[in-house]
Amino acid sequence: MTAVLTILGWLDLLGTAILAGGVSYAALVAPLSDSGRRVVYGGALLVAIILLGELAATGVRLNALAAADGSPLLWKLLATHWGVLWIVRCVGLAAIVAAPVGSPAQLVVVALWLLARSLQAHAGAHGTLAAMIDWVHLSAACAWMGGLLQFLLSRVPNSVNVAERLRRVVTLSVLALVPAGVYGAFVHVPTVADLVSTAYGQVLLAKVAIAIGLFALGARNHFVHVPALQRGHVTALGHLGNAVRLEIAGGALILLLSALLGALPMPAPTVH
Amino acid sequence: MHRHLIASVAVALLAAMALTPPCAWAHAFLEHAEPRVGSSIQSSPAAVTLTFTEPVEADFSQIEILDARDHRIETGPLAHPKPAELRVALPPLAPGDYTVHWAVTSVDTHQTEGRFAFTVTAP
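Quick mapping for you: the protein sequence lines, in order, are chains A and B.
Residues are numbered in the numbering used here as their position in the first sequence, beginning at 1, plus a constant of 18.
Just so you know, the numbering used here puts 35 at position 40 of the second sequence, and the rest follows in order with no gaps.
Read the hints as simulated data drawn from the structure, not as lab findings.
Honestly, I wouldn't trust all of these hints.
Stated by the list, open to error - Short, incomplete list of chain A residues facing chain B, as computed with Cβ under 10 Å: (1) 89; (2) 140; (3) 218.
What the hints assert, rightly or not - Sample of chain A residues at the chain B side, in silico, Cβ under 8 Å: (4) 76; (5) 83; (6) 99; (7) 138; (8) 139; (9) 248; (10) 284.
All figures in this text were calculated on a predicted structure; none of them were measured in a lab.
Even glycine gets a Cβ: it sits at the ideal position worked out from N, Cα and C.
Sequences are here, hints too, so could you generate the full structure?
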């Protein structure tokens, strides 16, 4: 079941990053290309399918422990903390799709929609503050990864202005991502020993290692490729495109590890 | 581009299978129990109260009390006095060893279960 939850969580995160990142790109960087717009709606469709899959998988998982009071499992499930936020996410998804692409209203709805996801997941079980920090982390990751994907799909990727605006968004995202991630690590893994002795800690370490590689790639884009593009170097665009593809692949792997963290038990405290 | 995408997906799926342990439920852990875990108490407790590290869903949680012969003790209904606390009222217990088996669902729907023993030394 952990494998199923991980795959569902991963597809959920991929769809979320494509959708939310695409919206933030359209609002903050540049209008979406036709293919970029199709990918955003594809991300929304993926999330819609996964939401249904998550409801079914959660119902199957919880069925054995459901109180035998005669009320249908579905209503009982939808009345839980998770179920209420599942409904909020469904309604939010519909509102995002209905809003004009890249409009301020759509950006606000996306932000609230991401908050619902953070409240629904591991972080939400730790309290509102942990969920808010996770929200910052998730929003920044979506803006980063979804933005890079839109940049690749853009019909005018050689626009220096677009690259410059994306660089600002990505830099701000990384600045938000790192402290939020470090806070989350301290909340979820209370001791250093837990980092190496538990599956949760080990996956977190793997995620951090890949993230460091991505930061290095991003730094190269920031300090080398984009300035070279601004200076008009003909090879800069090709180098930038290759680095962005690698970043997106690494980002997909990080989302997979994040999904696995969402399914794994956190280090247990001592019982007294 | 397509080849890169397929390779990324394949690597990610393999990593998921390799990194996934055979069984891993998360994640509301037992933080405190009354009667205490492994304790001996002189009189029959009025209730078993379990406090977890995180809020739990009472509709998807259970507490079962078993005597030394693994016979189930009839308890009162499961009460949920606080978000992270569950309680069942107990009938008067005869002296002997008892096991508390709990299975709970945290608010993010992850399930955990466990058991512990306590002993009643006098009626």
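The hints, checked one at a time:
no.	hint	verdict
1	89	holds, 9 Å
2	140	holds, 6 Å
3	218	holds, 8 Å
4	76	holds, 5 Å
5	83	holds, 5 Å
6	99	holds, 4 Å
7	138	holds, 7 Å
8	139	holds, 6 Å
9	248	violated, 26 Å
10	284	holds, 5 Å
Checked against the numbered hints given earlier, this structure breaks only hint 9.
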